[in-house]
Amino acid sequence: MAWTAPTIEEVTCGMEINMYF
Amino acid sequence: MTEAECPRLLSGCRTKYDTVRGNWVLLAPERAIKLDEIGAAILAETDGERSLGGILDALVAKYNAPREQIAGDVVKFLTSLRDRRMLEVT
Chain A
91 MAWTAPTIEE VTCGMEINMY F
Chain B
-13 MTEAECPRLL SGCRTKYDTV RGNWVLLAPE RAIKLDEIGA AILAETDGER
37 SLGGILDALV AKYNAPREQI AGDVVKFLTS LRDRRMLEVT
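Just so you know, the protein sequences line up as chains A and B, in that order. Taken in order, the first sequence gives residues 91 to 111; the numbers are from our numbering. Taken in order, the second sequence gives residues -13 to 76; the numbers are from our numbering.
Only chain A is shown next, with the shape it has when bound in the complex (with noise of 0.2 Å):
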């Protein structure tokens, strides 16, 4: 795989991030 800058991207929706926990 090539290099390439990695990115970032905050999740900010509460309902998102409570299906991660």
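Quick caveat, the hints were computed from the structure, so don't treat them as lab data. Keep in mind that a hint or two might mislead.
Straight-line C-alpha distance at most 20 Å; calculated EDC-like pairs for lysine to aspartate or glutamate [as the list claims (entries may be wrong)]:
no., chain 1, residue 1, chain 2, residue 2
1, B, Lys20, A, Glu100
2, B, Lys20, A, Glu99
3, B, Lys62, A, Glu106
4, B, Lys62, A, Glu99
5, B, Lys2, A, Glu99
For chain A, the structure is supplied; the task is to place chain B on it using the hints.
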């Protein structure tokens, strides 16, 4: 951040592969960050024991890119996690 320093995720922060969406996330208490494959690869090398220089060595061996380019991207990435209080550097 110098190459001799050792970055590590703070307690309560961990990476997880989201099988539903097919991507990596970094989880902290009541917070989540979506990562791409490069971000996940950086954190896979960030074990709390290895220095930044060691992390860069591993990534340079894995990816065909100049060390200078990888170093710049990694420092920027780790600094943004430190700013979010998800990572510390000792």
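Right, here's what the structure says about each hint:
{"no.": "1", "hint": "B:Lys20 to A:Glu100", "in the structure": "holds (6 Å)"}
{"no.": "2", "hint": "B:Lys20 to A:Glu99", "in the structure": "holds (5 Å)"}
{"no.": "3", "hint": "B:Lys62 to A:Glu106", "in the structure": "violated (26 Å)"}
{"no.": "4", "hint": "B:Lys62 to A:Glu99", "in the structure": "holds (14 Å)"}
{"no.": "5", "hint": "B:Lys2 to A:Glu99", "in the structure": "holds (15 Å)"}
Figure legend: structure checked against the earlier numbered hints; the only hint not met is number 3.
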